[in-house]
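**Student:** Sequence:
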Amino acid sequence: MSIFAQEGKLTRFLNRLGDLIWLNVLTMVFSIPVITAGAAVTAMYQVSLRMVKNEEGGIGASFLRGFRENFRQSTLIWLIGGGISAFLALDIRLLGRVSYSFVQPYKILLFVLLLFTLMFAMFALVTAARFENTLKNTIKNGVLFCVSHIFKSILMFAVMVSPLLLLAASNRFLSVIVLIGVSGPGYLCSVYFRALFQDFER
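Sequential numbering from 1 applies to the sequence shown in the working numbering.
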């Protein structure tokens with residue numbers, strides 16, 4: 001069978017790539033107001049988690065439904081995680097102006113707390129994409145999933161933030177990020193998250 005056939009591997013790859021580009025565009029557009037970024041990320045993961053099992057249906061319709069259904073809870077998670085992260089980041093910046101020797105270990109501690117806060121917030125958004133629960137339990141489950149698989153969680157978080165690291169390294173990666181820089185890492189992480197969540201869906 002030709003690779004260009006309707007069911008060929010190349011065709012399936014190109015179709016999936018097109019879906020991810022469309023999903024990436026939707027996620028970025030709906031994140032422009034910033035305050036809606038949490039709901040956009042949750043909607044993206046709701047779609048990508050289904051894409052892993054070929055259950056997604058229409059990308060646009062699925063994304064809009066996920067954005068609408070998770071808007072309130074995901075926005076609150078985003079605001080809580082963002083507020084704590086902003087506070088920690090401000091502390092780190094202020095400490096950068098202090099030259100005392102005891103400040104450096106404290107800055108490192110705050111930086112680690114900042115990373116874990118961001119990681120917990122991202123996991124809570126992914127959890128919201130898969131499970132219906134209260135805000136408290138969604139955050140709690142996100143933290144529990146993260147802590148109970150800490151090394152894989154750190155790896156997944158590194159994959160999630162890799163586009164930002166690439167952009168910080170060079171503006172040449174901007175076009176790649178616009179095309180697939182959010183949904184691509186999201187899809188890769190969804191393979192792991194889908195396997196992780198299976199034990200809790202039985």
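It is worth saying that the hints were derived from the structure and are not from the lab.
The reader is advised that the hints may include incorrect statements.
Okay, derived cross-link-like pairs now, DMTMM-like style, lysine to aspartate or glutamate, Cα gap no bigger than 20 Å in a straight line [unchecked claim]: (1) K9 - D19; (2) K136 - E55; (3) K9 - E55.
Here are the in silico distance ranges between beta carbons for each label pair [said to hold, decoys possible]: (4) R12 - L115: 32 to 38 Å; (5) N54 - R93: 44 to 50 Å; (6) L90 - Y192: 54 to 60 Å; (7) L115 - F71: 44 to 50 Å; (8) K140 - R97: 16 to 22 Å.
Ideal placement from N, C-alpha and C gives every residue a C-beta, glycine not left out.
**Student:** Confirm or reject each hint.
**Tutor:** Hint by hint, here is what the structure shows:
With a C-alpha separation of about 15 Å, the suggested pairing of K9 with D19 holds against the 20 Å cut-off. The suggested pairing of K136 with E55 is violated, with an alpha-carbon distance near 28 Å, which exceeds 20 Å. Between K9 and E55, the direct Cα distance comes to roughly 18 Å. Compliance with the 20 Å bound is thereby established for this hinted pair. Evaluation of the 32 to 38 Å hint for R12 and L115 yields a pass: the beta carbon distance comes to about 36 Å.
The given range of 44 to 50 Å is respected by N54 and R93, whose C-beta atoms sit roughly 46 Å from each other. Taking the beta carbon of each, L90 and Y192 are about 32 Å apart, not inside 54 to 60 Å as hinted. Take L115 and F71: their Cβ atoms lie about 27 Å apart, and the range 44 to 50 Å is violated. Under the hint 16 to 22 Å, the C-beta atoms of K140 and R97, about 36 Å apart, miss the expected range.
Comparing the model with each earlier hint shows violations of hints 2, 6, 7 and 8; every other hint is respected.
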